[in-house]
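J.: As you go down the protein sequences, you meet chains W and U in turn. For the first sequence, the working numbering assigns the number 52 to the initial residue and increments by one for each residue that follows. For the second sequence, the working numbering assigns the number 52 to the initial residue and increments by one for each residue that follows.
Just so you know, the hints here were simulated from the structure itself, not pulled from any lab data. Quantities reported herein were computed from a predicted structural model and do not represent experimental measurements. Among the hints, erroneous ones may be present.
Covered stretches of chain W, going by a simulated chain U footprint (3 or more residues, C-beta under 8 Å) [what the hints assert, rightly or not]:
| id | segment |
| --- | --- |
| 1 | 70 to 83 |
| 2 | 119 to 132 |
| 3 | 150 to 158 |
Derived DSBU-like pairs: lysine-lysine, alpha-carbon spacing no greater than 30 Å straight-line [to be verified]:
| id | chain 1 | residue 1 | chain 2 | residue 2 |
| --- | --- | --- | --- | --- |
| 4 | U | LYS166 | W | LYS333 |
| 5 | W | LYS333 | U | LYS282 |
| 6 | W | LYS156 | W | LYS69 |
| 7 | U | LYS231 | U | LYS166 |
| 8 | U | LYS231 | U | LYS97 |
| 9 | W | LYS111 | W | LYS89 |
| 10 | W | LYS97 | W | LYS282 |
| 11 | U | LYS231 | U | LYS167 |
| 12 | U | LYS230 | U | LYS333 |
| 13 | W | LYS231 | W | LYS282 |
| 14 | W | LYS333 | U | LYS167 |
| 15 | W | LYS97 | W | LYS111 |
| 16 | W | LYS166 | W | LYS111 |
| 17 | U | LYS333 | W | LYS230 |
| 18 | W | LYS69 | W | LYS282 |
| 19 | W | LYS282 | W | LYS230 |
| 20 | W | LYS230 | U | LYS230 |
| 21 | U | LYS333 | W | LYS69 |
| 22 | W | LYS69 | W | LYS231 |
| 23 | U | LYS69 | U | LYS282 |
| 24 | U | LYS333 | W | LYS231 |
Note that the Cβ used here is the ideal one computed from N, Cα and C, for glycine as well.
If you want the building blocks of each chain, they are given just below.
Protein chains: 2
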Amino acid sequence: MIQIAILGFGTVGTGVAKVIAENPRQIERKLGEPLEVKSILVRHFKDGPFRQLMTDDFSKIEEDGDIRVVVEAIGGVEAAYDYTRRALSAGKHVVTANKQLVAEKGCELLALARKKNVSYLFEASVGGGIPILHPLTQCMAANRIDEVYGILNGTTNYILTRMVRAGASFADALAEAQKKGYAEADPTADVDGIDAGRKICILADLAFGRQVDPERVPMAGIRDLSLRDVKIARRAGYRVKLLGRAARTAGGGHTAYVAPHLISEDSPLAGVEDVFNAVVVKGNATGEVMFYGRGAGELPTASACVADVMEVLQQSPRREEIGWSPESGGFTDPLELESRHYFRIRGSLSDAVGAFGQAEVLDEDGGTAFLTDAMTGREALERSGALEVLACLRVLA
Amino acid sequence: MIQIAILGFGTVGTGVAKVIAENPRQIERKLGEPLEVKSILVRHFKDGPFRQLMTDDFSKIEEDGDIRVVVEAIGGVEAAYDYTRRALSAGKHVVTANKQLVAEKGCELLALARKKNVSYLFEASVGGGIPILHPLTQCMAANRIDEVYGILNGTTNYILTRMVRAGASFADALAEAQKKGYAEADPTADVDGIDAGRKICILADLAFGRQVDPERVPMAGIRDLSLRDVKIARRAGYRVKLLGRAARTAGGGHTAYVAPHLISEDSPLAGVEDVFNAVVVKGNATGEVMFYGRGAGELPTASACVADVMEVLQQSPRREEIGWSPESGGFTDPLELESRHYFRIRGSLSDAVGAFGQAEVLDEDGGTAFLTDAMTGREALERSGALEVLACLRVLA
């Protein structure tokens with residue numbers, strides 16, 4: 052019998068208890084013994100089947116030598132950060148889906164875990180139940196990772212899908228997502244690219260082995276995206292998707308950002324609709340591989356946490372080095388990345404050609420929508436300085 | 052300095068040496084020390100940069116205490132099986148991409164590895180460079196796996212893509228694939244579903260934790276597939292893909308087979324074209340996740356082997372239990388699986404309705420092409436017994 056504790060009993064915490072209760076045979080077959088939830092930390096006691104496991108005193112968990120793994124399902128930084136440090140310091144493995152904490156403090160918490168000879172795992176923090184961090188850091192370990200990009204937020208992908216399929220405006224599609232429970236009452240973290248931003252930071256940290264500070268990563272969302280541009284792009288054979296992207300840059304550095312992109316309808320990402328997520332990893336030996344599935348939800352996310360719990364219990368004394376160094380050097384402004392750009396301007400094709408030398412026109416109805424040649428974001432910004440820009444999006448090569 | 056040996060210096064063996072030579076920094080960062088190829092077993096010495104590492108005497112490798120890991124890249128069963136047993140018995144970890152050996156002897160070799168306290172890893176045996184076995188057995192370990200299916204053979208997928216896009220016949224598309232180097236001069240293993248069959252056996256072994264003997268797994272290829280059916284399916288919103296499929300069956304058993312299927316163009320598999328592979332895993336907590344990429348090729352496959360080498364070196368004493376039992380009970384004939392079926396018959400719609408009660412007609416030009424309701428393969432076979440069947444394919448639900 053192996054005993055664990057769950058901190059927080061919201062969506063993820065409840066899901067962890069459910070997955071352990073529903074799949075005991077699968078879990079015991081691999082662990083060799085049963086897995087049991089011994090304690091659940093809550094702020095307010097709630098009735099139900101887990102009532103007798105609840106405590107509001109973290110020190111009871113911290114001091115319980117029988118508890119070998121703690122699942123942190125509180126979310127946010129403050130209490131989650133404090134309890135994670137205390138649990139690791141007490142020699143317990145910690146597993147989490149908390150992307151904010153991992154993006155901001157992951158490297159420090161990994162170092163503490165290493166010092167205490169335990170593990171800190173967070174597969175569920177990116178892509179929910181889709182295996183991605185593990186494949187990236189282990190299965191692709193013999194690659195130099197050159198780029199990682201993907202649809203990292205299901206809420207915004209649902210909104211974009213509705214805009215494309217039903218011709219809905221952003222505001223209407225958001226209202227629909229909220230009604231279906233896909234978007235929170237305050238949709239800021241999703242809609243403004245912050246949730247995707249935390250995930251691309253974690254992916255960049257692990258892909259490049261350097262600390263990528265979230266505050267240096269430009270995060271743009273889809274709030275200002277016009278249905279007009281979505282439609283023009285579609286007619287030209289592109290889909291508009293909110294992408295998190297991390298890439299090596301020409302000078303040996305690396306960058307990361309979140310922004311809506313035009314992607315070709317031939318791209319495997321183009322077919323990723325509704326609340327689905329997908330992440331593409333480009334390795335110098337493997338080429339491009341893609342991981343696809345539901346990026347959120349109670350059971351998918353919880354099952355990734357439980358798999359991490361099983362992994363730390365099977366590995367002794369702790370998981371191999373995943374290579375996330377505290378060094379944060381080499382971070383480059385994503386404006387240095389080259390790509391084609393989509394512009395819609397209040398002006399004519401000759402204005403566009405005047406600024407860019409060349410332009411592939413997509414639409415000329417009351418303004419001009421066009422694609423530029425490949426150039427850095429900085430050059431696109433400079434060249435468009437004299438134009439009245441109504442929309443500007445990168446095109447994923 | 053960690054030293055390894057490579058057995059066989061064809062595509063995979065050469066790739067392993069190249070990946071280690073090309074990505075030394077990535078590898079050393081995770082291992083903490085450099086990785087070096089000390090010996091390469093060959094039958095015939097060849098000139099080139101690796102000439103001085105070559106030997107034709109396996110016992111030199113077997114007896115070399117400095118060699119901790121052996122990469123078996125010989126292929127087939129006989130010599131590969133013998134050397135793998137001897138290497139494991141000598142206390143060396145073994146890593147391979149050899150799907151035939153793993154499908155036939157994997158469970159036995161895993162047991163030998165366990166006894167000798169070393170690891171036998173084979174991530175590259177399915178999906179080449181696409182991480183799939185590792186995510187299936189570890190990241191999804193908290194799931195009951197209900198089904199695994201996918202496009203497991205790039206050669207046949209290339210041929211099907213050419214049939215759809217260029218309207219080429221099977222014979223012409225095969226000739227084109229051979230010209231491009233995607234198909235062997237003797238294409239039997241690819242075209243007749245044997246390669247995909249070995250891979251679905253390995254996936255079934257790991258998904259269900261039981262030994263699935265390849266000789267009990269029906270393997271149908273695409274040799275008899277008519278361009279006519281591909282075109283009719285396409286007009287009706289389906290793609291024809293050669294799928295390996297393993298699923299739990301109603302009575303608590305499981306099954307596996309390889310056959311061409313109709314899949315809806317809305318399925319994420321429908322967009323998998325050319326030589327790309329994709330595998331969908333359905334877990335009871337995670338839902339469906341898909342893994343996509345190039346399923347073959349020198350560097351992708353080799354990089355998966357090198358990642359396995361790195362993993363065995365980082366885990367001490369050996370990898371966790373992946374749960375492949377030698378028990379082979381519970382295997383059920385795939386004819387017991389229910390699905391809709393596509394039929395093309397020499398006969399009229401009333402013949403079809405007479406046999407099946409109901410039929411969704413797709414084409415009536417010189418015969419009748421139709422879809423049945425969902426029923427077991429056995430029932431479809433029985434009901435069609437009196438019809439003159441020109442084509443019969445399952446529809447993936």
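J.: Hints first: check each against the structure and report whether it holds.
T.: Hints versus structure:
Here the segment 70 to 83 of chain W counts 10 residues with a CB under 8 Å from a CB of chain U, which clears the bar of 3, and the coverage holds. Counting residues of the segment 119 to 132 of chain W whose beta carbon lies closer than 8 Å to any beta carbon of chain U gives 0, which falls below the threshold of three, so the coverage claim is violated. With 0 residues bearing a CB less than 8 Å from a CB of chain U, the segment 150 to 158 of chain W misses the requirement of three and the coverage assertion fails. For the hint pairing U/LYS166 with W/LYS333, the CA-to-CA distance comes to about 38 Å; that exceeds 30 Å, so the pair is violated.
A hinted pair counts as satisfied when its Cα atoms are at most 30 Å apart, and W/LYS333 with U/LYS282 does not qualify at roughly 34 Å. Note on W/LYS156 and W/LYS69: the hinted pairing holds, with a Cα-Cα distance of about 28 Å set against a maximum of 30 Å. Taken as a hint, the U/LYS231 and U/LYS166 pair is broken in the structure, with Cα atoms around 45 Å apart against an allowance of 30 Å. The straight-line distance between the Cα atoms of U/LYS231 and U/LYS97 is roughly 26 Å, inside the 30 Å bound, and the hint therefore holds.
This hinted pair checks out: W/LYS111 and W/LYS89 have alpha carbons roughly 11 Å apart, not beyond 30 Å. The straight-line distance between the Cα atoms of W/LYS97 and W/LYS282 is roughly 48 Å, outside the 30 Å bound, and the hint therefore fails. Straight-line distance between C-alpha atoms of U/LYS231 and U/LYS167 comes to about 44 Å, which puts the hinted pair past the 30 Å bound. The hinted pair formed by U/LYS230 and U/LYS333 fails the criterion: a straight-line CA distance of about 37 Å is larger than 30 Å.
The straight-line distance between the Cα atoms of W/LYS231 and W/LYS282 is roughly 24 Å, inside the 30 Å bound, and the hint therefore holds. As the CA atoms of W/LYS333 and U/LYS167 are separated by approximately 36 Å, the hinted pair breaks the 30 Å bound. Proposed proximity of W/LYS97 and W/LYS111 is supported: the alpha carbons are some 18 Å apart, at most 30 Å. Of the pairs offered as hints, the one joining W/LYS166 and W/LYS111 holds, with about 23 Å between alpha carbons and a cut-off of 30 Å not exceeded.
Under the criterion of a C-alpha separation no larger than 30 Å, the hint pairing U/LYS333 with W/LYS230 is consistent with the structure, at around 28 Å. Note on W/LYS69 and W/LYS282: the hinted pairing is violated, with a Cα-Cα distance of about 43 Å set against a maximum of 30 Å. Simply put, W/LYS282 and W/LYS230 have alpha-carbon atoms about 25 Å apart, close enough for the 30 Å limit, and the pair holds. With a CA separation close to 55 Å, the supplied pair W/LYS230 and U/LYS230 exceeds the 30 Å bound.
At most 30 Å may separate the alpha-carbon atoms for a hinted pair to count; U/LYS333 and W/LYS69 meet this at roughly 18 Å. The straight-line distance between the Cα atoms of W/LYS69 and W/LYS231 is roughly 23 Å, inside the 30 Å bound, and the hint therefore holds. For the hint pairing U/LYS69 with U/LYS282, the CA-to-CA distance comes to about 43 Å; that exceeds 30 Å, so the pair is violated. Pair hint U/LYS333 plus W/LYS231 holds up; C-alpha atoms about 24 Å apart against a cutoff of 30 Å.
In the structure shown, a violation is registered for the earlier hints numbered 2, 3, 4, 5, 7, 10, 11, 12, 14, 18, 20 and 23, in ascending order.
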